[in-house]
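Q: The task is simple: from the sequences and hints, build the whole structure.
Chains A and B supply the protein sequences, listed in that same order. Quick note: the first sequence, position 33, residue 33 per full-length UniProt numbering, numbers continuous. Quick note: the second sequence, position 511, residue 511 per full-length UniProt numbering, numbers continuous.
Keep in mind the hints are simulated off the structure, nothing from the lab. Even for Gly, the Cβ is constructed at its ideal location relative to N, Cα and C. Heads up, a few of these hints could be off.
[As the list claims (entries may be wrong)] Below, computed lysine to aspartate or glutamate pairings styled on DMTMM-like, alpha-carbon distance capped at 25 Å:
| id | chain 1 | residue 1 | chain 2 | residue 2 |
| --- | --- | --- | --- | --- |
| 1 | A | Lys-56 | B | Asp-243 |
| 2 | A | Lys-126 | B | Asp-243 |
| 3 | A | Lys-151 | B | Asp-243 |
| 4 | A | Lys-170 | B | Asp-243 |
[Said to hold, decoys possible] Residues of chain B placed beyond 10 Å of chain A at every Cβ, according to the derived structure:
| id | residue |
| --- | --- |
| 5 | Asn-132 |
| 6 | Asp-235 |
| 7 | Ala-236 |
| 8 | Ser-244 |
| 9 | Arg-245 |
| 10 | Thr-670 |
| 11 | Asn-680 |
| 12 | Thr-786 |
[Claimed, not checked] Chain B is faced by these chain A residues, among others (derived, beta-carbon under 8 Å):
| id | residue |
| --- | --- |
| 13 | Lys-8 |
| 14 | Arg-30 |
| 15 | Val-34 |
| 16 | Asp-36 |
| 17 | Gly-40 |
| 18 | Val-41 |
| 19 | Glu-42 |
| 20 | Leu-47 |
| 21 | Gln-58 |
| 22 | Phe-68 |
| 23 | Ile-71 |
| 24 | Phe-145 |
| 25 | Ala-182 |
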Amino acid sequence: MSYAYLFKYIIIGDTGVGKSCLLLQFTDKRFQPVHDLTIGVEFGARLVSIDTKPIKLQIWDTAGQEAFRSITRSYYRGAAGALLVYDITRRDTFNHLTTWLEDARQHSNSNMVIMLIGNKSDLETKREVKKEEGEAFAREHGLVFMETSAKTSDNVEEAFINTAKEIYEKIQEGVFDINNEANGIKIGPQHSTGNSSIPGGNNRSSGNGCC
Amino acid sequence: MSFLEWRRFNFFDINHNADSRKISQTIGSSKISTTSSGNGHLVICDDDGLVHLITRSFQVTTFRAYQLNVLISTQLQYSSFLITIGKDEPDTNAILKVWDLERRDRQSNPICVRSTKLPKSEKLTTLCAAENRLLMAVGFVDGCIVLYKGDLSRDRNSKPKMLKELDQEITGMGFKSVNKDQWYLFVSTASSVQQFNVSSKDSCPMTVLDAVGCDFKCSVLVNGPDSHFMIAKEDAIYCYTVDSRGPCYVVGGQKMILQWFRSYLIIVSKDKEKSSNTITVSTTTKNLDEIESVSITVLDIQNKFIVFTTTIREILSVLPEWGSLYVLTSRGNLSQLIEKDLQSKLTVLFKKNLYDVAVRMAKCQQFDSQALIDIFRQYGDHLYAKGDHSGAVEQYIKTIGKLEPSYVIKKFLDSQYIESLTTYLHALHKSGSANKDHTTLLFNCYSKLNSVDKLQEFIITKDENIDFDVDVAIKVCRQSSPENALALAEKHSRHSLYIKILLEDCHKYTAALDYIEKLSIEQSVQIIKQYINVFIENVPKDTVNFLKKLCTTCYTTANVDLLDHSAQPEDFIYLLLDDSECLVNFLDHFENFLNKWSTSLLNTYIEHCLIVWKNENNQERRITIEKKIINILQSVDNKICDHYQVLILAISFEFKAAIVYIFEHNKQYTKLIRYYLSLNDYTSAINCCRGYGNVEPKLWVSIFNTAMIDENFPPLMLEEILKEIERKNLLSAHFTITSLVKSKTINIGHVRAYLSSLFGAEKKTLEKEKETVDKYQKDTENIQQTIQKLKNCAVVFQGLRCSACNNQLELPSVHFMCQHSYHQHCFQAFSESDDDCPACTQNNKQIMDIIRTQGQMKDHNEVFHSQLERSTDSFSLISEYFGRCLFDNLTAAENQLAKSIFVSPELSAPKAIVPIVHTPPRLSPKLAVKTSINPFDEDDDDDDMEYDSNNPFKNDYKESKNPFKNDYDESKNPFANDP
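A: Here's what the structure looks like:
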């Protein structure tokens with residue numbers, strides 16, 4: 001399980017938009033129609049290949065409920081990418097995007113790649129949010145947009161991989177400081193240049209606090 | 001609040017007072033300082049320096065470990081080592097001791113295998129040891145960690161490593177191995193979580209995992225491959241993996257103890273409501289108010305529900321051992337939490353209709369599949385009862401393979417559930433456990449639902465692993481949509497069915513042919529044979545063309561093995577028998593392979609060529625066909641072509657060319673002529689005769705015979721025939737003429753030439769014969785004269801020289817009637833017997849032999865008869881026997897002769913001219929005989945002898961006219977006269 005880079009992702013969005021299902025579809029390639037509420041933060045990982053390089057994606061799937069917001073916020077910090085998910089059949093989830101985005105921008109690394117995802121694209125008949133609206137929102141806020149279906153696995157793979165590509169490109173461009181693990185990026189064991197943890201990083205993360 | 005999010009069940013039974021108060025009795029008034037469990041023991045240490053080992057049956061073994069007190073202990077899970085830290089004396093560094101509980105000394109106390117003084121005097125908080133028995137760490141209040149490496153059961157003088165990166169009290173530690181020799185030490189303080197990589201020899205790099213910490217006892221390392229280091233905070237349980245944060249579980253309440261048991265997380269916490277205003281960091285100090293409201297919660301992390309929760313006072317520690325969980329209170333009361341068996345857990349879940357949870361749980365615990373199926377079935381039944389039919393089907397689908405499908409099908413047979421039924425059946429097929437009836441049912445469902453698309457999808461796009469009875473499927477499909485059936489048949493290579501559908505339902509004959517053409521020869525042969533009738537009926541031309549192609553392969557292929565399976569044209573000709581033209585056309589295609597044809601095929605071909613020929617009105621085409629047939633006959637070798645069969649055909653179709661060819665080819669000229677004659681084709685017949693007359697002269701005879709009978713025979717030709725017959729001497733003139741006479745049509749004019757030539761020839765013969773007769777008569781007369789002379793005239797011996805030595809004859813001399821004379825000495829020297837003339841002996845002997853053999857022959861009556869029977873010409877045989885003197889009595893004649901000879905010498909002797917007759921009496925008879933036998937010998941001897949009385953020759957001649965009677969009489973006579 002050697003990898004060139006390890007990217008940390010976080011999935012955020014209102015409760016019931018299908019965050020856990022997206023993760024399950026991506027990691028286990030299955031769909032569970034009845035999914036228990038996420039209590040806290042769940043965790044998944046998968047190895048993908050970008051530009052022929054093996055990249056490990058570590059994904060935190062957060063609970064969407066307001067009550068857990070304080071806990072989940074602490075997970076924003078170490079993430080290189082975020083999937084901001086709304087449900088195309090529920091307009092309110094779309095309406096809450098601004099709050100989520102603010103939250104994410106506030107608590108995370110400024111370079112974090114955020115992808116806007118309109119989930120449940122298989123339920124076309126119940127659609128409440130037009131694709132164009134999603135696109136417009138993404139354009140406005142500088143996000144990448146994609147409609148997915150965790151049920152049919154449509155675009156799920158692409159959503160995660162495109163995000164990874166974006167992060168990878170940013171690394172190539174030098175936007176990310178790959179030696180700072182607080183960015184949510186880690187160099188794989190065989191690529192590691194033997195740097196131990198930097199006390200400065202430690203201090204900084206301590207300073208940020210969790211809540 | 002967030003607690004409410006977890007589902008609650010009660011999967012544990014609690015057994016208060018599990019130890020019958022033995023522990024509290026053992027401990028007595030001392031205070032429990034530390035507990036541990038593992039390797040079949042509960043370990044309870046008190047502040048009196050004693051260690052109590054408790055077995056499963058609650059037998060307590062107590063030994064003194066320290067003089068003063070025991071501060072901390074840890075028991076390795078899978079080995080017998082117990083590690084304790086305690087003090088023997090106050091105000092000194094604590095001593096770490098390692099006990100081997102399996103080795104006991106005389107007092108049956110465990111042996112202390114290691115005793116090391118700690119390097120620091122500060123208060124220690126935590127102790128942990130790795131399962132591999134090579135790593136051990138002690139945490140101190142000041143944040144320092146002392147790390148021992150190497151076999152912990154041996155007291156080595158190697159210095160322990162001091163890790164001093166932290167400046168806060170160590171609240172929890174755990175060793176975790178990632179690979180075999182990659183070890184990490186997780187450390188929690190009150191405000192941070194970090195890991196040390198303790199694998200390397202020199203440095204132990206630290207990684208900070210999080211900036212939250214936990215209290216003492218509120219961290220646990222979960223063992224297992226997917227393990228986490230967990231810490232309990234007030235809001236949640238946070239998990240950490242080796243390199244990062246992991247998941248987090250929101251569980252409210254101020255945690256006091258965190259413990260792991262099987263797949264459960266045990267949380268001991270203060271009740272939220274009561275402790276909300278008294279948050280304390282310290283865990284060691286126990287406020288009475290708080291203690292009273294302590295609750296224990298067992299959390300199933302995997303399934304995400306609380307499986308047990310209760311309130312127990314003064315919980316000191318939670319010890320997992322012997323497959324269950326023990327809760328020890330500070331007063332020494334031990335309660336046991338017994339996990340319910342799965343069945344009863346499931347029952348609980350079933351009661352709440354939480355089937356999905358049940359399934360998940362059953363799966364987690366490796367429940368056997370039969371039981372799982374049962375859960376699915378119950379779940380399905382439940383959903384069905386609730387009216388959620390599609391949901392129910394989803395569950396029932398999971399039972400496929402175990403549960404009898406009819407159980408499910410029966411439930412959904414009602415037409416309103418047909419969609420669900422379809423789904424189930426589809427899944428059934430996918431799993432490969434569908435039988436014929438299921439296939440039928442499914443297809444019927446599809447057709448009832450009018451979902452042709454789905455059906456098509458099922459048929460065409462379904463993946464390979466769907467298994468169903470294709471034949472049935474095709475059958476069902478045929479009823480609704482032949483197109484689908486076709487697709488199905490094609491996909492599964494049911495070629496025969498495919499063709500059948502195409503022919504019977506779609507009536508696409510040419511398409512069917514095209515399809516067959518694509519198949520392998522073997523298959524196409526099989527199928528075409530099956531449906532050829534239909535094809536011929538509907539698309540004869542295309543069919544014939546197809547067959548042409550198909551059958552060509554059987555001739556062109558070099559592969560011998562294939563021949564058995566390939567199409568032979570004879571397999572198909574029966575189809576075309578009604579349509580000769582078609583058949584001929586078909587077979588024409590294989591003309592190039594004539595030599596490979598079978599006899600019967602060839603015959604059929606010729607027969608149908610003949611039919612076509614017969615029905616053809618166009619003269620030109622007739623001629624072409626004629627040529628073709630003859631060409632075939634000529635080119636094909638005799639083995640294949642049965643000429644007799646062809647002949648029969650040719651005759652029945654009056655196909656002259658072939659008949660003539662066959663007759664000629666087989667040299668049956670007679671038949672050929674007969675055939676010509678029967679056709680009244682006299683010219684051809686004559687030509688044939690001319691051609692083959694030399695080889696077989698009888699041809700002429702047969703044509704002649706016909707000419708005699710047939711009234712239409714052109715008489716002009718007769719002349720030639722007669723000429724040939726005459727020339728070749730085939731018939732006797734007599735017969736010819738007799739035949740000619742009988743003929744009614746032939747005039748003398750037609751045969752004049754013949755007759756004249758015949759008569760001319762006859763005349764010539766006659767004349768010739770007459771000449772011969774005359775000659776013979778003359779000869780006979782001469783002989784008779786000679787005989788007469790010999791009989792009646794004297795013989796004068798005038799020989800002057802000896803016939804032997806050719807010298808002047810001198811006396812004594814011997815003379816013979818044959819005019820040979822010898823000196824007596826010469827005669828004696830030459831002669832073998834006294835009676836014979838040496839010169840004539842040879843000749844005479846020969847003649848005598850001939851007579852003798854002829855005489856012998858007559859006795860062989862059987863031979864004669866057999867020869868007579870066999871002989872074609874009896875007359876000539878009989879006459880031949882006559883010529884052999886069959887009826888002469890030779891011996892009698894001889895005897896007679898002998899008689900006469902005896903007489904004659906006496907008579908002849910005096911007649912001799914020679915003065916001295918020394919001739920012995922026997923000598924002269926010989927002479928007589930000689931003359932009689934040799935009539936042509938010109939003997940002019942005129943000696944008169946007394947032969948008259950006994951003249952055998954005279955009588956003999958007479959007797960020839962009446963041989964039988966007189967012969968015997970005469971033969972008797974001589975004997976009678978014999979002296």
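Q: All the hints need checking, so say for each whether the structure fits it.
A: Here is how each hint holds up against the structure:
1. Our distance criterion of 25 Å between C-alpha atoms is met by Lys-56/A and Asp-243/B, whose separation comes to about 12 Å.
2. Restraint check for Lys-126/A and Asp-243/B: not satisfied, since their Cα atoms lie roughly 42 Å apart, outside the 25 Å limit.
3. Only pairs whose Cα atoms come within 25 Å are accepted, and Lys-151/A paired with Asp-243/B is rejected, the gap being roughly 31 Å.
4. With a C-alpha separation of about 23 Å, the suggested pairing of Lys-170/A with Asp-243/B holds against the 25 Å cut-off.
5. No beta-carbon of chain A comes within 10 Å of the beta-carbon of Asn-132/B; the shortest separation is about 22 Å.
6. Distance check for Asp-235/B against chain A: the nearest CB is about 6 Å away, which does not clear 10 Å, and the non-interface claim fails.
7. Chain A draws Ala-236/B into its interface by the beta-carbon criterion, the shortest separation being 5 Å against a cut-off of 10 Å.
8. A cut-off of 10 Å between C-beta atoms contradicts the statement that Ser-244/B is not in contact with chain A; the least separation is 6 Å.
9. For Arg-245/B, the shortest C-beta to C-beta distance to chain A comes to about 7 Å, within the 10 Å cut-off, and the non-interface label is violated.
10. With a cut of 10 Å on Cβ distances, Thr-670/B stays outside the contact zone with chain A, its closest approach being about 95 Å.
11. Every beta carbon of chain A lies more than 10 Å from that of Asn-680/B, the smallest distance being close to 96 Å; the non-interface claim holds.
12. Taking the minimum C-beta to C-beta distance to chain A, about 144 Å, the non-interface status of Thr-786/B holds against the 10 Å cut.
13. Here the hint on Lys-8/A is kept, as its CB sits about 7 Å from the closest CB of chain B, short of 8 Å.
14. Checking Arg-30/A against chain B by beta carbon gives a least distance of about 13 Å; that is not within 8 Å, so the hint is violated.
15. Contact between Val-34/A and chain B, as hinted, is supported at the beta carbon level, the nearest pair being about 6 Å apart and thus within 8 Å.
16. Of the supplied interface hints, the one on Asp-36/A holds, with its beta-carbon coming within about 5 Å of a beta-carbon of chain B, less than 8 Å.
17. Given hint, Gly-40/A at the interface with chain B, holds; its Cβ is 4 Å from that chain's nearest Cβ, closer than 8 Å.
18. Hint on Val-41/A holds. Least Cβ distance to chain B is approximately 4 Å, under the 8 Å limit.
19. Using the Cβ-Cβ criterion of 8 Å, the hint placing Glu-42/A at the interface with chain B is satisfied: the shortest such distance is roughly 5 Å.
20. The restraint placing Leu-47/A at the interface with chain B is violated, with a minimum CB-CB distance near 14 Å, outside the 8 Å limit.
21. Checking Gln-58/A against chain B by beta carbon gives a least distance of about 6 Å; that is within 8 Å, so the hint holds.
22. Hint on Phe-68/A holds. Least Cβ distance to chain B is approximately 6 Å, under the 8 Å limit.
23. Because the closest C-beta pair between Ile-71/A and chain B is about 5 Å apart, less than 8 Å, the hint holds.
24. Nearest Cβ of chain B to the Cβ of Phe-145/A: about 28 Å, over the 8 Å cut. The hint is violated.
25. The interface hint given for Ala-182/A is violated, since its Cβ lies 10 Å from the closest Cβ of chain B, which is over the 8 Å cut-off.
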